[in-house]
Amino acid sequence: LSPPVPSSPPPLPGIKPPLRTQSNVTDAILKNKVTVRRVDSALFETVIEPSSLNPVRQFRLPKGWPRSLRPPRWKLKDTDVKDAAIAGAMGGAVTELARTAVLHPVSTVKTRIQAKGPKAASLTNFTFAGLGPALAISLPSAATWFGCRDLVKDVMSNAGMDTKGLVAVVVASAAAGLADSVVRSPVDTIVTRAQAGAQGEWLDLDGDGEVTFSEGVEAVTTAVKDGLSKIPVLALSDVLYAVLRTATLFGLNSIDFFGDVLPKGILKDEATLVFAACVCAAATTPLDVARTRLLLERRVRKGAGILECWGEVLKEEGPGGLFRGLWLRVAYNGILVASLIPLRALGYVAVRDAVLL
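Residue numbers for the sequence shown, in the working numbering: 201 to 557.
In the PhoX-like style, the derived pairs of lysine-lysine whose C-alpha atoms are separated by at most 25 angstroms in a straight line are: (1) Lys277 / Lys364; (2) Lys275 / Lys263; (3) Lys364 / Lys275; (4) Lys464 / Lys364; (5) Lys464 / Lys263; (6) Lys425 / Lys502.
Hint data in this document are derived by calculation from the structure and do not stem from the laboratory.
Keep in mind that this is a model prediction, so the values were computed, not measured.
With the hints as constraints, model all of the structure from the sequences given.
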């Protein structure tokens, strides 16, 4: 039986107990850990237990207090699946919004290379085209991904499964990616079509250089319908990359890929993650090229599938066409996105735990 929760003075009426992070950003990155605390009194504080997401009360101890001498902590309640999913969704949404805004220009250039060829990829030619829809979908997209992942992991944990094992990690990643693809597919089509051409070009249906309100509505409606029909393409592309990266990272960590070349810690973890992401991004470039062409319905028959798209690319451009934009995809998914994952993870945990508290 757990000992009773120590009593502590209630907070003043109308004033919420403050939430505090454990340390500054630099310390959090170096330790790859961030803790949000709710100060309940001069003696006690509440934190979220990482594995169960349950709030626990503990004594407030000086910084650097030995872990072995820490007094027992007491669970206040069980966090149910719904609350965990909502908190995870909010944490994912906030961090994804920032990531999307920062990386959108690189994504735009990659899309143009895959759609038209290197001549279309200009860093000064509307590289923020489609940013509005991308930001709008980033919130529900990330909320779906993180919420679904935490929900699946919580279900597996309740079933007695090891949530840190390869099977559990891959299943949670695949389920989250599939749910995210369903949510994101209509807007992804709009974003890709906005990125691929000159400003507003995709809205000008009659090609007269002017976009009327009815043309804009028709273009957006058509893009949404096309996006819904492309859910299998998006799901295959996104889920396969996510699962492959997860499995590769798990394998590299299990064999300690970098060995003694890098010191144990955040640097080695980051290097391993970036290496795995680069390899998987390069390997799945043909799927990404097909995804771009099919969303644009350019250089391919309307309603075509991945295999037919590949056939057209091989016929017109040769094997090199399947790897168009390879280096930008590796730079985007493998280096930029992967290198931001630790910082994004810290932000996600901070927001999630703040919501749960």
